[in-house]
Every structure is written in structure tokens, then in C-alpha cells.
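Peer 1: Sequence:
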Amino acid sequence: MSLFHTARPRWLTFDCYGTLIQWDEGLQAAVREILATKGGSDVDPAKLIAVYDHHEHALEQTPPHRSFRTVAGEGLQLALTELGLPSEPGDADVLTGRISAMPPFPEVVETLRQLKEEGYRLCIVSNTDDDVIAGNVAQLGGYIDRVITAQQAGAYKPARKLFDYAHEQLGVTKDEVVHICASPHLDHAAARDIGFRCVWIDRGTGRTLLPDYTPDATLTTLDGVPPLFASLGW
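Residue numbers (the numbering used here): 1 to 234.
For the record, the hints were derived by calculation from the structure and aren't laboratory data. One or more hints might be untrue.
[Stated by the list, open to error] SDA-like cross-link-like pairs, simulated, lysine to any residue; straight-line CA separation at most 20 Å:
id	residue 1	residue 2
1	Lys161	Gly195
2	Lys161	Glu176
3	Lys116	Phe105
4	Lys38	Arg66
5	Lys161	Pro184
6	Lys161	Arg66
[Said to hold, decoys possible] Pairwise CB distance ranges (calculated):
id	residue 1	residue 2	range
7	Gly119	Glu74	34 to 44 Å
8	Pro227	Thr62	37 to 47 Å
9	Leu232	Asp44	40 to 50 Å
10	Glu117	Arg32	31 to 41 Å
11	Gly119	Asp212	30 to 40 Å
12	Thr173	Leu210	46 to 56 Å
13	Gly90	Ala58	16 to 26 Å
14	Gly90	Gln169	29 to 39 Å
15	Arg146	Thr208	22 to 32 Å
16	Gln28	Gly141	18 to 28 Å
17	Glu118	Thr81	45 to 55 Å
18	Asp175	Val43	43 to 53 Å
19	Gln28	Trp234	28 to 38 Å
Being a predicted model, the structure only gives us computed values, none of them experimental. Beta carbons: idealized from backbone N, C-alpha and C, even for Gly.
The task is simple: from the sequences and hints, build the whole structure.
Peer 2: Printed below as a string of C-alpha cells:
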């Protein structure tokens with residue numbers, strides 16, 4: 001699809017981790033720190049991350065809704081156990097503490113500043129808790145107008161409930177928003193089902209598109225957004 005011949009959005013919504021914040025890099029650092037406490041384990045950090053992701057995403061979609069801290073802790077415990085490693089209560093604190101401290105990508109703050117100056121309102125829609133994401137938002141230059149989390153909505157992506165809640169809170173229809181994200185699995189399913197416009201930031205991490213959805217535009221970094229919008233006459 002194309003963004004051409006559509007109306008300028010009132011709000012830009014963003015996925016946080018992987019789009020604005022260096023998720024993969026930060027998660028790898030957290031996992032290496034956790035593995036270093038496991039008595040010289042030779043488990044590949046990438047393997048632990050893959051197993052953790054599987055358990056975390058499954059737990060997020062299993063009722064009843066629980067906090068991200070709880071889900072992350074349980075997912076990490078299950079992953080460590082599956083890989084034959086001991087788990088400690090402090091492991092989850094290391095993980096969530098690292099997440100909260102993850103920094104933005106180099107181009108992000110300046111791009112957000114530019115988008116604010118061009119009159120857009122900016123909102124994060126994220127699969128996390130308010131207190132976890134607060135540390136990340138504090139690093140974004142004060143340019144974010146709203147932060148809407150899974151904790152507030154009582155639902156995790158890819159369930160459309162989180163986006164429906166966000167649009168209700170912002171007082172917009174799907175046609176008054178453009179969503180900007182890095183995760184096909186979590187965000188594109190909702191874009192497909194709800195029909196809001198979506199820009200994919202493909203940072204070359206190996207994530208692949210859903211077989212039945214194509215984003216409205218694809219960029220490699222966030223600083224491609226202002227030129228894209230300018231080309232649309234926005």
C-alpha cells in the first residue's frame with residue numbers, strides 16, 4: 001500500500017523497544033549479565049533470548065492479564081529451567097532493570113524533536129509497565145506527549161485491544177494516526193486487523209514480515225520519517 005493521497009495524521013504512535021529504544025542490544029547485555037552468574041555456563045546468549053521470547057510472548061497471551069514484570073520474570077525462569085540453568089529471584093530484577101535503562105538509537109531524539117516542531121503529537125504504545133518504560137521515556141528529550149502501556153490497557157500486543165484502547169485514549173480514529181514500529185509480529189497484526197496506517201522501521205535485525213500484511217512504508221532508521229512525510233505533502 002501507499003501513504004500517498006491520505007490525510008496528514010494528528011498523532012504519531014510509536015512502538016518503543018526496537019523502534020525508539022535499543023532493545024536487542026540491551027537485551028543481549030542483560031542476558032550476558034545473568035549468564036555470568038550461572039557458574040560459567042556455556043549457553044549462547046542468543047539461545048537464551050530465543051527461548052525467553054517464546055515463553056514471554058506465550059505468557060502475555062495467557063489470561064489473566066499480569067504485569068510485564070511478572071511475565072518477564074516467569075518467562076526468564078522458564079527459559080533458564082528449559083536450558084538446564086538455575087534461576088534466582090534477582091534474575092528478573094536484572095532483566096527489567098536493564099530494560100528500563102536501555103538508551104535510544106542515535107537518531108531518535110533529534111527525529112522526535114523535528115516531528116514535534118512540525119506539529120505532530122507523539123505517543124508511545126508499548127507492551128510493558130508504566131514504571132519500566134519510565135526510564136526509557138526520560139531519555140527521549142521530553143518530546144513524547146503520551147505513553148500508553150499494556151498495564152493501562154490490560155492487554156498485550158498483538159491483541160488489538162491495546163491499540164483500540166490507545167485510539168480511545170487519544171480521541172482519534174484509525175485514520176487520524178500513523179503507527180511507526182519495528183516489530184512485524186507484535187504491531188503489524190493489529191495494523192492489518194484494525195486498518196491503521198503503519199510505517200515499518202526495518203533495522204536489519206532479521207525480523208520478517210507477516211505473510212498476509214505489507215506496511216505502508218519501510219524505512220531503515222527513524223530519521224527517514226520526516227523526509228517521507230515531507231514527500232507526502234504533510
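Peer 1: To test your reading of the hints: which numbers does this structure violate?
Peer 2: 4, 12
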